[in-house]
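Given the sequences, and given the hints that come with them, work out the whole structure.
Protein chains: 2
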Amino acid sequence: MNNASPESQATIDEQCINTIRTLSMDAIQQANSGHPGAPMGLAPAAYVLWTRFLRHSPENPDWINRDRFVLSGGHASMLLYSMLHLTGYDLSLDDIRNFRQWGSKTPGHPEYGLTSGVETTTGPLGQGFANGVGMAIAERHLGARFNRPGYEIVDHHTFVICGDGDLMEGVSAEAASLAGHLGLGKLVCVYDDNQISIEGRTDITFTEDVGRRFKAYDWHVAVVEDGNDLEAIHKAVESAKAETERPTLIMLNTHIAYGSPNKQDSSDAHGAPLGEEEVRLTKENLGCPDECFHIPEEGFDTCRECVGTGKSEESLWQEKFDEYRGKYPELAEAFTNAVNGTLKEGWDAALPDFSKIDGPLATRAASGKVLNALAENIPELMGGSADLAPSNKTIIESSHDFQKNALKGRNIRFGVREHAMGSILSGMALHKGIRPYGGTFLVFADYMRPSIRLAALMKLPVIYVFTHDSIAVGEDGPTHQPVEHVASLRIIPGMTVIRPSDAAETAEAWKAAVRSSGPVALILSRQKLPILDRSKYGPADGLANGAYVVSDSDGKPDIILIGTGSEVHIALEAKAVLAGKGVFARVVSMPSWELFEKTSQEYKDEVLPPDVKVRLAVEAGLPMGWERYVGDRDAVIGMTSFGASAPGGVLMEKFGFTVENIVQKATALIRR
Amino acid sequence: MNNASPESQATIDEQCINTIRTLSMDAIQQANSGHPGAPMGLAPAAYVLWTRFLRHSPENPDWINRDRFVLSGGHASMLLYSMLHLTGYDLSLDDIRNFRQWGSKTPGHPEYGLTSGVETTTGPLGQGFANGVGMAIAERHLGARFNRPGYEIVDHHTFVICGDGDLMEGVSAEAASLAGHLGLGKLVCVYDDNQISIEGRTDITFTEDVGRRFKAYDWHVAVVEDGNDLEAIHKAVESAKAETERPTLIMLNTHIAYGSPNKQDSSDAHGAPLGEEEVRLTKENLGCPDECFHIPEEGFDTCRECVGTGKSEESLWQEKFDEYRGKYPELAEAFTNAVNGTLKEGWDAALPDFSKIDGPLATRAASGKVLNALAENIPELMGGSADLAPSNKTIIESSHDFQKNALKGRNIRFGVREHAMGSILSGMALHKGIRPYGGTFLVFADYMRPSIRLAALMKLPVIYVFTHDSIAVGEDGPTHQPVEHVASLRIIPGMTVIRPSDAAETAEAWKAAVRSSGPVALILSRQKLPILDRSKYGPADGLANGAYVVSDSDGKPDIILIGTGSEVHIALEAKAVLAGKGVFARVVSMPSWELFEKTSQEYKDEVLPPDVKVRLAVEAGLPMGWERYVGDRDAVIGMTSFGASAPGGVLMEKFGFTVENIVQKATALIRR
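Heads up: the protein sequence lines correspond to chains A and B, in order. Read left to right, the first sequence gives residues 4 to 675 (our numbering). Read left to right, the second sequence gives residues 4 to 675 (our numbering).
Hints listed in this document are in silico derivations from the structure and should not be mistaken for laboratory results. Note that beta-carbon positions come from the ideal geometry of N, C-alpha and C, so glycine has one too. Among the hints, erroneous ones may be present.
[What the hints assert, rightly or not] What follows is a set of in silico ranges between Cβ atoms, one per label pair, in the way DEER data are often shown:
id, chain 1, residue 1, chain 2, residue 2, range
1, B, G116, A, P542, 27 to 37 Å
2, B, S644, A, G652, 37 to 47 Å
3, B, K616, A, K601, 26 to 36 Å
4, B, A582, A, K601, 34 to 44 Å
5, A, K601, B, E576, 28 to 38 Å
[Stated by the list, open to error] Covered stretches of chain B (in silico footprint by chain A; criterion: 3 or more residues with CB under 8 Å from a CB of chain A, positions within the stretch not fixed):
id, region
6, 121-127
7, 404-417
If you want it as structure tokens, here you go:
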């Protein structure tokens, strides 16, 4: 790039930028579906960012110290695909021609894991922005943990491009507030301020002073008056990099569908192809040849310089890292293990043995103890709670707060920001090197549901610690009592939900969560629960199979009682009462449907023998779906309404979670 | 109040304020559960607000022109209950003694419909704040619609008290941005800035400049340096009332658990009783008698003056309204009907007759036509979309935008703020006089789930218009394709979910929604669907029963095919193919489980005869729960994974929503 004269460089720059535009237009036109406006307006900024600032290695998209780039407005996917192709990632022109087609690497919105160089799945607005905050947190923490004088092993920026939609969403507001508090100086967000949203001009609803708002969050705010002015963009990014104490918002004035004679600055260009004639006119207007998927050679070569530059950057880092390994072999190994997610041997050896503890214990309390034991051997565990740490028991006692002047801390104070917490946890997992967890009351899982869904879609190993798991929450009443929430998590494809029944199962639940390669929700009780005497009952490690016989009948069971969490204990009591009446009951603890579904048919038939058709499930939640295990919608004791405000014990009784009710229902089912 | 000397008035004020504190402490201590800190810190502000500003009529809490008061931080419920009791609402001291007990009128968090004077159910943070924005919108719109010169029939303020937790939540940020844009000058929010959250001091996570942020939203911001300074509070509220162009945030510096010698300014006082000894010490410190539930007579009398004042205010309004009725009889009748939710006769007479339309139509498009027809006869219908109006078809064409200078408009531009939209719709419904609806893509129902849950808990008649209802969304890919969302709405207690199969069913779905007294989610297709020829098929008004036979077999059915939405059409085609193979199939359209569950057993058995046990459900969503109708988890063709990016038709085929697959599966089920 440096060999070109300023004039010819300007020509090449323009060529490259227009190529981003035309590739985007062409791919969208060919698919007859997509969002051309944003890529066309953002082309100059993306070009400057990717070719002049982004430290990345297109041939090794996994290089751990690369700058992260997040396209929060995922509908602008063709911007990202154009950049990936032009700068040399494993994305061919044929892939771009297959935009939005079955089996292609270029889906409508960028999907993590499907396309090299896509750092996160975006589309639902605001999520990418908050993922970026998570990545920037991960960078700061890992730097503090692993860097040594002269060896900045972890030292990169996180760049985010977002639009007005991202900034209208509450999740980005939450994340921005936290990012400002934490002083994430290496986070740079470019705001594509094009004044257009789907319904029309943004001034029909979005007239707030965005810059002032971000200043209120303690961000550095830079303004680029003309989004086509490469030098102004360059200076703004430089000023962002120079600012190390605060995250930066670059407010970039752009034109949606820049260059289109009839659709520039119009909401028509947001979410539909321009139309063949308008594509032609736009190319003419931009001075581009009237060809589809045309890439001028000079521009292509310039962009592809990123491959070489990236390799050099990576090599320099690798040399440095090799030196570091020589000097700090243990740290280097720990770093590699952290990044690869490799657990050290014996990571689960030092878990508390709850069989020795007297008296009952809430599973949330057991969870706190297990987390702390695990944290000793898994230094990657890092997380917190949305202002409920004392209740969720999510504090790692041996560590301290993660704060701007205490970056080694493993306890994040997320504040009352469940949604941002969810997306930040995903961002930390995406970064790699950290095993994130986050807690809140189960009922507030709803606040972070869009983040959880994306974690499941991306198969991210995030651990959610959801406590206060039923009406047994008690006095706080129906607003704080989950009813439909366990069901609501079970129905997200790819989620693993685990509701342990006692402390020992809680330890097993955490082990399953740590072993999982996808997201796991731990569902934990507020109230104390007995600790089962495992000399009498089935061993807790049966949890790994999702369901196991916790107490069998003496002969062939007349009925199988299936419980989860706190209800296992009532089922066990009911079993004893039934035995007194000559009824044989088997009790199955079924903490996780998903883990159970993964076992063999043989195992399933062992736990739930097909010839024992009389079954009764007991779970203080919405009964939907239990039919698959009990065969009949009437064979469930569950919640079909909201709860109420009263002491938890009273509620459990009023809503039928009693030994008497189980016995009565079981007897009726057997008689039927 | 005016007869007392300034000195004795100051004494009485102090008595009243301390009584709020002691009632709160005592009730929470007695329940051994609750949140004393906030009521104690907020007592002076609540006292000033309720006795000096709030225009309300305790003996008629439904007076339509009352000021609305929302306690967004619902955990401070004892503040509200204390005020309700002291100012003369139907809430006795015994009710307060029963705080948080089974069947009491004083649940842990305030619950709408349970306690007179509680304007909305709060607890999940940020929701009340956004409800308040909805109430303020309703006030502005109804005023514009009904007020006439000299007759300000609708003319009241909405007061909200919120805490740091409310302001950390994204939903309040979204709502505040919109409130600022709309210039809701009669909205006044008091921010209880006590610097304490559950995990400790707010400065561990919340250091943003809140005042500056609200100024960025174009709010008027007032600061009260000392939350115990009644005159300063008074002046701040006056300044808020004087400001008519912008909403006001009053930043009130308070002390959590004010007066408690050992727990003031400590997070310990947030969510647990102070303890008996500390209650005693606090009373001593505040100069209150060491008695439980003590109310000094003079203070009580002062507070109860609200009853008389309220009656006078109400009478004045009633006189004015009677005059108005004389002058504008039609308007007055329309107003009364709007407030009572009374529909005018023939409201559903002018709906489009889709049987006459040629060619296929997306149910979202049909919905737009039906909405517009209904809007002519139901002037209370008002709503919008979260920046997807052109896709959701939610615009009332005969009206215009609701904007600060166009308050009669019925089309609200919510912006990309689904969560605030949800809570604002609830606030509008709570206000009464408006029948609110709001739209977004079904997949983004997740963003507003906490609001939807509360609407269901409060039984509010809100209509959600959720379009783009399955993988048939197509190219936008899995981030935009609902899979688990229909199931996720069905599991919320009290929700009615309706997924019509064609235009005629869509009209019936809207009718059912308008008739509903609780929240209804309309689930609508992006893609075009055939319009069933009702001369051949069962009439669409069968939708009112949730399920009906859309096409019966010639003889006793060998199998019942049950479909919803777009899948009904594939089922009908499959029926024909099966008939060719000598298999009798009945096709049931089942747009709404909830409506079906409300019908008689006789009707249910007619549609799904118990002796026809071979059944197959087809729905392009998570199959959970269908077992209850088909008897077997294997008898569902549904989605068990996320979707993908490709044209919708391709996806429907790839994921098995084809005639061939239904025929094959049906044949296998019959053979089994």
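So, going through the hints one by one against the coordinates:
no.	hint	verdict
1	B/G116 x A/P542: 27 to 37 Å	violated (48 Å)
2	B/S644 x A/G652: 37 to 47 Å	holds (41 Å)
3	B/K616 x A/K601: 26 to 36 Å	holds (30 Å)
4	B/A582 x A/K601: 34 to 44 Å	holds (40 Å)
5	A/K601 x B/E576: 28 to 38 Å	holds (36 Å)
6	121-127	holds (count 4)
7	404-417	holds (count 4)
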